[in-house]
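Student: Going down the list, the protein sequences come from chains X, D and Y. Each residue of the first sequence is one higher than the one before, counting from 1 in our numbering. Each residue of the second sequence is one higher than the one before, counting from 1 in our numbering. Each residue of the third sequence is one higher than the one before, counting from 1 in our numbering.
Calculated directly from the structure, the hints in this document are not laboratory data. Honestly, I wouldn't trust all of these hints.
Unchecked claim - Label-pair ranges, simulated between beta-carbon atoms: (1) E72/X <-> D234/Y: 18 to 24 Å; (2) L223/X <-> V16/D: 28 to 34 Å; (3) N449/Y <-> V20/D: 27 to 33 Å; (4) V16/D <-> W166/X: 24 to 30 Å; (5) E72/X <-> G306/Y: 53 to 59 Å; (6) W166/X <-> D132/Y: 50 to 56 Å; (7) S248/X <-> A133/D: 26 to 32 Å; (8) W77/X <-> D132/Y: 42 to 48 Å; (9) D175/Y <-> P161/X: 36 to 42 Å; (10) N2/D <-> W166/X: 37 to 43 Å.
To be verified - Using 25 Å as the maximum straight-line C-alpha spacing, the simulated PhoX-like pairs for lysine-lysine come out as follows: (11) K81/X <-> K437/Y; (12) K98/D <-> K18/X; (13) K193/X <-> K3/D.
No residue lacks a Cβ here, since even glycine has one placed at the ideal position from N, Cα and C.
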Amino acid sequence: MQSKGNASQKNSKNSNVKKKLIPYLFILPFIISFVLFFAIPAIYSLRLSFLNYKGYGQAKFVGLGNYSSLLEYSAFWKAVKNTFFYFLTHLVPVMLGAFLIALVMQGKAMMRMQKVFKPVIFLPQIVPVMATALTFRIIFAKNTGAINQILGTNAAWLENPATMRWCVVLMVVWRSIGWFMVIFLAGLTTISKDINEAAIIDGANNVQIVTKITVPLMKPIFLFAFVMDAIGSFKIYTEPNIMIAGTSTLTTDAAPIMNIITTNIRGGNFGMASAAGWLLFLLILIISVMEMLLLRDKGTDKG
Amino acid sequence: MNKRKIIKIFLTIVLVLISVIALLPVILMLFDSFKTGSEIAKNSWNIPKKWTFSNYKALMDYNSGIMVRTFINSLGISTIYTAITLIVASLAAFAFSKYRFKGNKVIFMLLLITMMVPGEITLPAIYLMFSKAHMLNTYSVQIFPGIANVFCLFMLKQYMDSLPNSLIEAARIDGAGEFYTYRKIIVPLCKPTIGALAILTFLGKWNDYLWPSMLLTKKEVMPIMVILPTLNTSNSTYSIPWELILTGCTIVTVPLIIVFLIFQEQFMASVTLGAVKE
Amino acid sequence: MKNKTVKKALAILLGCTMAFSMVACGPDNEGGENKAEKTEDSTDTGTGEKTKLIGMCWGSTETYSKLSDAILAENAELGDKYEIEWVLGGEGDGEVAEKIRLALSANEYMADIAVLNYTQIPEFAEEGVLNDLSENIKTYESDLTPAALNLSKYKAQTIAVPFEVKSKVWYYRQDIFDECGVDTAAVKNTDDLIAAGKKIQEKYPNSYIWNFGKPTAGYDFYMTLSGNGAKFCDDEGNYCLSKDEGVRKMLEDYKKLVDAGVVMDVADWSTDWEAAFADESIVSTLGAGWLGQDSFLPTYAEGQKGKWNCTTWPEIGGTTAGSDAGGSVMVVPTFSRHPEAAAEFISYMCLSEQGSLSCYDITACLPINVKAQENDLLNEKVENGFFGDSIINAQLAALDNLAIFNYTPKAASEQDIVTEYFTKAIYGEMSIDDALKACDNDLSTAIGNAYQ
Numbered sequence: 001m002q003s004k005g006n007a008s009q010k011n012s013k014n015s016n017v018k019k020k021l022i023p024y025l026f027i028l029p030f031i032i033s034f035v036l037f038f039a040i041p042a043i044y045s046l047r048l049s050f051l052n053y054k055g056y057g058q059a060k061f062v063g064l065g066n067y068s069s070l071l072e073y074s075a076f077w078k079a080v081k082n083t084f085f086y087f088l089t090h091l092v093p094v095m096l097g098a099f100l101i102a103l104v105m106q107g108k109a110m111m112r113m114q115k116v117f118k119p120v121i122f123l124p125q126i127v128p129v130m131a132t133a134l135t136f137r138i139i140f141a142k143n144t145g146a147i148n149q150i151l152g153t154n155a156a157w158l159e160n161p162a163t164m165r166w167c168v169v170l171m172v173v174w175r176s177i178g179w180f181m182v183i184f185l186a187g188l189t190t191i192s193k194d195i196n197e198a199a200i201i202d203g204a205n206n207v208q209i210v211t212k213i214t215v216p217l218m219k220p221i222f223l224f225a226f227v228m229d230a231i232g233s234f235k236i237y238t239e240p241n242i243m244i245a246g247t248s249t250l251t252t253d254a255a256p257i258m259n260i261i262t263t264n265i266r267g268g269n270f271g272m273a274s275a276a277g278w279l280l281f282l283l284i285l286i287i288s289v290m291e292m293l294l295l296r297d298k299g300t301d302k303g
Numbered sequence: 001m002n003k004r005k006i007i008k009i010f011l012t013i014v015l016v017l018i019s020v021i022a023l024l025p026v027i028l029m030l031f032d033s034f035k036t037g038s039e040i041a042k043n044s045w046n047i048p049k050k051w052t053f054s055n056y057k058a059l060m061d062y063n064s065g066i067m068v069r070t071f072i073n074s075l076g077i078s079t080i081y082t083a084i085t086l087i088v089a090s091l092a093a094f095a096f097s098k099y100r101f102k103g104n105k106v107i108f109m110l111l112l113i114t115m116m117v118p119g120e121i122t123l124p125a126i127y128l129m130f131s132k133a134h135m136l137n138t139y140s141v142q143i144f145p146g147i148a149n150v151f152c153l154f155m156l157k158q159y160m161d162s163l164p165n166s167l168i169e170a171a172r173i174d175g176a177g178e179f180y181t182y183r184k185i186i187v188p189l190c191k192p193t194i195g196a197l198a199i200l201t202f203l204g205k206w207n208d209y210l211w212p213s214m215l216l217t218k219k220e221v222m223p224i225m226v227i228l229p230t231l232n233t234s235n236s237t238y239s240i241p242w243e244l245i246l247t248g249c250t251i252v253t254v255p256l257i258i259v260f261l262i263f264q265e266q267f268m269a270s271v272t273l274g275a276v277k278e
Numbered sequence: 001m002k003n004k005t006v007k008k009a010l011a012i013l014l015g016c017t018m019a020f021s022m023v024a025c026g027p028d029n030e031g032g033e034n035k036a037e038k039t040e041d042s043t044d045t046g047t048g049e050k051t052k053l054i055g056m057c058w059g060s061t062e063t064y065s066k067l068s069d070a071i072l073a074e075n076a077e078l079g080d081k082y083e084i085e086w087v088l089g090g091e092g093d094g095e096v097a098e099k100i101r102l103a104l105s106a107n108e109y110m111a112d113i114a115v116l117n118y119t120q121i122p123e124f125a126e127e128g129v130l131n132d133l134s135e136n137i138k139t140y141e142s143d144l145t146p147a148a149l150n151l152s153k154y155k156a157q158t159i160a161v162p163f164e165v166k167s168k169v170w171y172y173r174q175d176i177f178d179e180c181g182v183d184t185a186a187v188k189n190t191d192d193l194i195a196a197g198k199k200i201q202e203k204y205p206n207s208y209i210w211n212f213g214k215p216t217a218g219y220d221f222y223m224t225l226s227g228n229g230a231k232f233c234d235d236e237g238n239y240c241l242s243k244d245e246g247v248r249k250m251l252e253d254y255k256k257l258v259d260a261g262v263v264m265d266v267a268d269w270s271t272d273w274e275a276a277f278a279d280e281s282i283v284s285t286l287g288a289g290w291l292g293q294d295s296f297l298p299t300y301a302e303g304q305k306g307k308w309n310c311t312t313w314p315e316i317g318g319t320t321a322g323s324d325a326g327g328s329v330m331v332v333p334t335f336s337r338h339p340e341a342a343a344e345f346i347s348y349m350c351l352s353e354q355g356s357l358s359c360y361d362i363t364a365c366l367p368i369n370v371k372a373q374e375n376d377l378l379n380e381k382v383e384n385g386f387f388g389d390s391i392i393n394a395q396l397a398a399l400d401n402l403a404i405f406n407y408t409p410k411a412a413s414e415q416d417i418v419t420e421y422f423t424k425a426i427y428g429e430m431s432i433d434d435a436l437k438a439c440d441n442d443l444s445t446a447i448g449n450a451y452q
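With the rest of the complex left out, here is chain X (with noise of 0.2 Å):
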């Protein structure tokens, strides 16, 4: 036991060293890959924002230039608008229907159908962006769209400044609200069924139980979708490009923020392409921000 134990001493202070630097083995990749191919980037990008750089050559320093450029910019505003147009425009149609169908389908009466329903109205999701794009830029074809060939129009859904941005909508929302049904579903199930019943009891409809009993539990659900949409609704891109404009250049009347930023690196602008990437981490930065102070209050409520 004696030699043992000096042996043994011996292995655990190797075995010892040996295991301060296995934690840091361990989260090594993670940390290389986090640095060269996120941090380096990242700052990178910020240096290029206060440059003007073509790609070859001299590359001059602008300071602000790049910024307050762009916040110049009518195609900038433009793009920012339809952003939010894009944003705002599917956010409540999506989560008022999504919520709803949640609520159907986990009601007694469709329990059963929860099987076969649920997957269903799912799919749209499991459809690729960039097929569901295509086909809806079908569906509204002028000539050979399903919709104008079932109502015997000729309407240029997609050339019009004004129908363009809907279509992408109603592909947004057609795509989206499956997602968000299966998480408010899941949020649902969460919610006890024995507040419900109590409320019943108590002599309360139905319309009062959605409303005054399971709106206000699944708020903190209802907070984190808002913003994951957001956050994904900021970056937009193929949705808009695809359905309008297929490989073509996307007329500044429907073109997102992301655009500004694609349209800049195709013309060698990388430092106005990375200023614009800076001001939509920003625009990003005040809904997260608005996220943590909103759930930071809901957390305090809670107890």
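With chain X fixed as given, assemble chains D and Y onto it according to the hints.
Tutor: Chains D and Y only, in chain X's frame:
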């Protein structure tokens, strides 16, 4: 009794309607893939009058088999990306969760904060960096940016936190090495979370259009999502064959639908990750 | 259970494809290496090793491949020395320019030759990334029209080989015009054009004499702007469209055409546009020489051979002069691996008598070489062509009037921005004043100064 039945019927009808709307575009896409171009021009929404497989054949031959190649590209890249991301994230999550080491809390906090920064911010920088390293038209540029996924890290750490430390103690007493513990004990226990994250990550990469369209110009390395909208019938870029494009859409969609129907539970679980505390 | 096997499969796939990606990691570099070796071979030994050139073009590689094949076949000397492969840069000249910028920023080899419109020349010439071609141009100088010579230069540099001199051509259906009693010689200005369009619509209510569409093709605007002296900026590079007479006049005239209902609302290159020639919705169009090449109008208007004729533009926007971007040119960027070979090849292809005759086959543009213009072979080809000899005569007549727009180094970005506002202005979505002001605003914020 009657009222209940009426409500039930009404709600069922509503749900059926919604389901039909959900399925219509997909069915349209499916039907159109069996129509010839001229039929689509006249009738793009109804059942094909004449079913034909010519589109599928044309796609296979298109541009010397580029569609097949890009499909394999997409498959390979999404799979490898998912694998690497999950391995890297789970290794780190294990360390953050189960080990006490200097900087554990601080580093994790810092990483969490960066979750707010959108990856798109790095797009111009990654473009320049990879172009100067002559790696712009490769598979690496599609896989490596973004493998440090803080969301995966966070989710895995959360889950691992809930695993009792006694398991690890027991393994250590039995003489298991750290990596062995990770591989044989922790990972299998995290299966549900890993499964859900795998689905999210894979789908995210499969759907990705922005990054590959900006970073790649060579057809041979592109994922299928980038080639799909550019299909055209001749060497020029002027005529757009809708029948081919919708067939391509069907090809990218149907495998996903099949996998979805098999693994429904896991798909739904991936949606609610982080949203609902189960 | 499922997840375990999935993970194993993933691991195996991981290994295989990591190996695969290592191999496929540098497809560019791989090709590059081989070419580097080839250069040394051909310059050192001069044996049967052909120098392989790569050319980048837009739209379709077919036309250029046909052309270069024809050239290499008839000229034995060149045919022994060179072979050329054409790669597609994208849909339009803008995409080729993008690829050039990309290659420059990565210090990479992309091609030996690039086809561009003169629009992009100022940007690259200012940066000094185009090889000097003065020696090659000198060889053919005496046979070139002054218009073509202009296309080869930018300020003091000679850096481009003119390929298509794109003078303005009015294509129209002679038979329909005759039937409706419209004489193109009598159509002298915009108002006459509108009257002609309306006359035609009396018999053919669904036919139009031009098309714009949303978005209207940039070159439609520039063809008029190039002739009436329009400028986007002053000599210091500050944007001032709102004060420019030429731009305003162009917009006013185009708006008149749209308001009169004689212009079809369909965009160039859309499937509807191509169909419009076939179903006779478009019975005339004001374009440039290149539209007459076999793969364009003759293809869209299949079966209407002999019915179409060409003549010069009426006065629109205050001018009959101008061109479509001056024309397209071929350049040898500095990253070319075989600069001398490339220069020799393209100069022969575009500027020699034989070469420019072959170019005519492909581009329907007036041959650049004066000797070729008088060549009997040309007359033969022309007589049998879709438009008869009217297409050559129209271009010859317009040649004296050839003018190139005042492109700045920022021309590419300028075009993107102004085209959108111009389209809105002519379709009445914005007043012309507002559109011009918005242009100035956007140009100064997005670009700043045209010359810096």
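Student: Hint by hint, say whether it matches the structure.
Tutor: Okay, the hints, checked on the actual structure:
| no. | hint | in the structure |
| --- | --- | --- |
| 1 | E72/X <-> D234/Y: 18 to 24 Å | holds, 20 Å |
| 2 | L223/X <-> V16/D: 28 to 34 Å | holds, 32 Å |
| 3 | N449/Y <-> V20/D: 27 to 33 Å | violated, 57 Å |
| 4 | V16/D <-> W166/X: 24 to 30 Å | holds, 26 Å |
| 5 | E72/X <-> G306/Y: 53 to 59 Å | holds, 56 Å |
| 6 | W166/X <-> D132/Y: 50 to 56 Å | holds, 54 Å |
| 7 | S248/X <-> A133/D: 26 to 32 Å | holds, 30 Å |
| 8 | W77/X <-> D132/Y: 42 to 48 Å | holds, 44 Å |
| 9 | D175/Y <-> P161/X: 36 to 42 Å | holds, 38 Å |
| 10 | N2/D <-> W166/X: 37 to 43 Å | holds, 41 Å |
| 11 | K81/X <-> K437/Y | holds, 20 Å |
| 12 | K98/D <-> K18/X | holds, 16 Å |
| 13 | K193/X <-> K3/D | holds, 23 Å |
The structure shown violates just one earlier hint, number 3.
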